[in-house]
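Please model the complete structure; the sequences and the hints are all you need to start from.
As a plain string of letters, each chain reads:
4 protein chains.
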Amino acid sequence: MKTIAIKLSQLKIPLLMAIAFCISINASAQLTEAQRYEESKKTEVWKPVPPKVEAMPNQPPSDAIILFDGNGIDSWEAIDGSDAPWDHSPYAMTVRAGSGDIVSKQSFCDVQMHIEWRTTREDDKTGQNKGNSGIFLQSRYEIQVLDTYQNSTYPNGQAASIYKQFIPLVDASRPAEEWQTYDIIYTAPRFTGSELTSPARLTLLHNGVLVHNNVELKGQTEWIGEPKYYAHECLPIKLQDHGSANSFRNIWIREI
Amino acid sequence: MKTIAIKLSQLKIPLLMAIAFCISINASAQLTEAQRYEESKKTEVWKPVPPKVEAMPNQPPSDAIILFDGNGIDSWEAIDGSDAPWDHSPYAMTVRAGSGDIVSKQSFCDVQMHIEWRTTREDDKTGQNKGNSGIFLQSRYEIQVLDTYQNSTYPNGQAASIYKQFIPLVDASRPAEEWQTYDIIYTAPRFTGSELTSPARLTLLHNGVLVHNNVELKGQTEWIGEPKYYAHECLPIKLQDHGSANSFRNIWIREI
Amino acid sequence: MKTIAIKLSQLKIPLLMAIAFCISINASAQLTEAQRYEESKKTEVWKPVPPKVEAMPNQPPSDAIILFDGNGIDSWEAIDGSDAPWDHSPYAMTVRAGSGDIVSKQSFCDVQMHIEWRTTREDDKTGQNKGNSGIFLQSRYEIQVLDTYQNSTYPNGQAASIYKQFIPLVDASRPAEEWQTYDIIYTAPRFTGSELTSPARLTLLHNGVLVHNNVELKGQTEWIGEPKYYAHECLPIKLQDHGSANSFRNIWIREI
Amino acid sequence: MKTIAIKLSQLKIPLLMAIAFCISINASAQLTEAQRYEESKKTEVWKPVPPKVEAMPNQPPSDAIILFDGNGIDSWEAIDGSDAPWDHSPYAMTVRAGSGDIVSKQSFCDVQMHIEWRTTREDDKTGQNKGNSGIFLQSRYEIQVLDTYQNSTYPNGQAASIYKQFIPLVDASRPAEEWQTYDIIYTAPRFTGSELTSPARLTLLHNGVLVHNNVELKGQTEWIGEPKYYAHECLPIKLQDHGSANSFRNIWIREI
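Chains as they are written, first to last, in the working numbering: chain A, 836 to 1091; chain B, 836 to 1091; chain C, 836 to 1091; chain D, 836 to 1091.
Misleading hints may appear alongside valid ones.
Which copy is meant is left open, because identical chains are indistinguishable; a pair holds if it fits in one copy or across any two.
What the hints assert, rightly or not - In silico lysine-lysine, DSSO-like type, Cα no more than 30 Å apart, as pairs:
(1) Lys-940 with Lys-876
(2) Lys-940 with Lys-1063
(3) Lys-1063 with Lys-1053
(4) Lys-940 with Lys-960
(5) Lys-877 with Lys-940
(6) Lys-960 with Lys-876
(7) Lys-882 with Lys-940
No wet-lab data here; the hints were simulated from the structure.
Next up, the structure:
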């Protein structure tokens, strides 16, 4: 496969590398086409065959676990295990302010997750009070949900921040009443006994824009004090009731 | 990682951790609400304020560089610097088979890139000959484009493979004539002189499905032999003419 | 109209028709293929050639007049000709309650029009007070905008009604805070002097669902009393401030 | 109809109308607000309540009959009643050239119908041979399917024409390999015995653009000779095999 598709003349190639390159060209030149084809087969890898997933436009991938698609909220429950107390319609599930957080019935570790959220219009509120909610991976690591379109707060607490740990690379917020998307790639932390052996890692696209690129989380989300890790196993997704009637939809998750 | 469905109440929290937790509760309990609020402010970070990006539905982010949106192919050129020889309409730019690869006029290093591609229908071809093309980051590191819907080939050469380096986690291919998407998060390799100090890293979503999660590339894409790194600077995106009249559209890129 | 499932073979073709059909078959059979092809050319019509319109996915047709696409509200003005007093962002233009109706600067007669609207959440209101606004074709003929998802009112005044003239065929309403679409095909009334010679006609799709099929309007929209026609020329589109902070977006119009 | 840009204030209201208007104002002015409200209730119509339809984004309306959504082609059959001989995948159903037309198992009269179609790339063909197929309402009235992007033919036979009866108002064609949409509003002809009492009527949006506005069909589609009506009952939708491997998807229909 030809790969000198750039302006080689502009590259400053160190001498030794150039020599190595010429030798390689010569070596290749001495092979016939048939020999080269035989040579190329040596780097083909035929196993494993990756599993087939249908990924239709405007649909969750066929191997995704659906957490909300408009057909009820049976995949969720209250913290105490009773029925999820939020409102829902075919279009969305919506925080019933004061009813409490909800958690997925199923627990998860490493995942790709898609979720859409919308803050309700709260013209009379500001800062952290305006359209606040949150998505907690493994019930512990929060990606902030907040109406931060023309609403000032501390950047490590704005929408798409990893709350009090990482400021998003850019502010891709949309206004209240607009649907927004998070595409999450999450690697759970590893523990040996109570000891952390590998921290959690997170990549996040907010409305399709990269805001975190494989960052290493510092520990469990804390409002006060520094984050620390506490050993745990796979755990549910938690969605926060922070007093705003925010909505969620199109929630699906793939174990990776 | 295996998922074990457990409830919060069932967690076996190690003893030391539980004690630490209780102490922390006690400490907090001794603070008034006002004191706690003061305490919480210590972990607010007010700088930097991330730059504002408008991310409208069905539009590139406002800070993206547009490489193709239907308005001509002036952002591209032939390898020799002459005009890009491919076909184009408001809907797509299409390989003119035999005309050669094209490269972006602009060079890039670390990027988020979105590109849509479509293989043409070639019922008479199989394996690597069916709807073949490729997207080369920095003109050197290839993400494979191929019609691999019900078309068998070596998995490290199928669509969404990092050619001859990484098999995709799953096969999210759509059939010929369907538009497909790549969302790419790419960190360029770092060199000190001719020495590699940090390999290239790549995360890839194929049709919205995670197929590579921050993998470390092994070097420049090779058809024959093992990949190696050769020091280089920022370089153009290259799109391959491999003899199939494949199409591309909605190409945008953000420097990150 | 009731649908009766039948197969072609089960059709009772009236005798005369069957005979006519057989004669026609015979006549055709007597022609050679070449003669038939010559015959077929007699019903080809080569003029006029319809004008080319590019109709890209997620974009207004290329011949549309854009009334709102996020780039300001300069296409609109207050009734008295001063600047349009509504709020706007790249995402929407929004009624500033109490500021008054707005009208397009341009006047229109026969049109195809696309408009998207969203009612704000008003949990404390009911009936005609909940998310009320309206779209007046030629400033006179109102298509109702109202939050009628699980909100009862008189059907000839619900969302997608032609206010106090026609009940929509079905209720395709979405809840508050969801974007909804109207696709309007409108034929203006014709007058000779002050006399009506042809009434206005309207076809309406609400969220893609047919709710009016070429109905003949009864006159100018009236809150009290029966509608009547008053002769007029081409006139602006009017959007109503009825006290709810509803939003509009993606407004385009084609003269037909 | 020509559009003349005027402001409301510039309207020349005929004298009689102005007087009538003033009288009406006076009459209203003599009523209290409460009396006016009472008066307004006289034109409220409370029955019938239109049936509720959920019309979610990117989904068929909840009252639609699904004719193809990727889950097999059991809703279709060959003309002779045997299994539909076309190809299908989760993405599309595709003409198997030479296998013959297919018809819906169910018969229909008045309908709203949505269908998406794609012509395959046939660079070696021109005119009526390039990407030809057709959609026959009631198996008799054809809306043409053809690749007429930069492909000349007689306009009453181009894509979106009512074949050999009506030229589309504009040419909204997309190129081969692009999905295109038809939104059809169809009123079946009425017959008393063998006599036509009301012709078929059709409104058509092609890729969202109005191309026919409630036109009256002239009879059954004919390749040779003038169209005539032959009495019939409700009949299936027919999709044509005209030798091109065109595809269809997202087919749904609502009886109206």
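Taking 30 Å as the upper bound on the Cα-Cα distance, should Lys-940 and Lys-876 be classified as within, between, both, or neither? neither (48 Å within a copy, 34 Å between copies)
Could you figure out if Lys-882 and Lys-940 sit no more than 30 Å apart (CA to CA) within one copy, between two copies, both or neither? neither (35 Å within a copy, 38 Å between copies)
How would you classify Lys-940 and Lys-1063 at a CA-CA limit of 30 Å: within, between, both, or neither? within (25 Å within a copy, 47 Å between copies)
Pop the pair Lys-1063 and Lys-1053 into one bin, within, between, both or neither, using alpha-carbon distances up to 30 Å. within (6 Å within a copy, 34 Å between copies)
Classify it for me, Lys-940 with Lys-960: is the Cα-Cα distance of at most 30 Å met within a copy, between copies, both or neither? neither (33 Å within a copy, 36 Å between copies)
Tell me, please, which holds for Lys-960 and Lys-876 at an alpha-carbon limit of 30 Å: within, between, both or neither? The answer is between: 19 Å across copies meets 30 Å, while 64 Å in one copy does not.
Regarding Lys-877 and Lys-940, is the shortest C-alpha distance of 30 Å or less found within a copy, between copies, in both, or in neither? Neither: 47 Å inside a copy, 35 Å across copies.
In this structure, the hints that do not hold are numbers 1, 4, 5, 7, in rising order.
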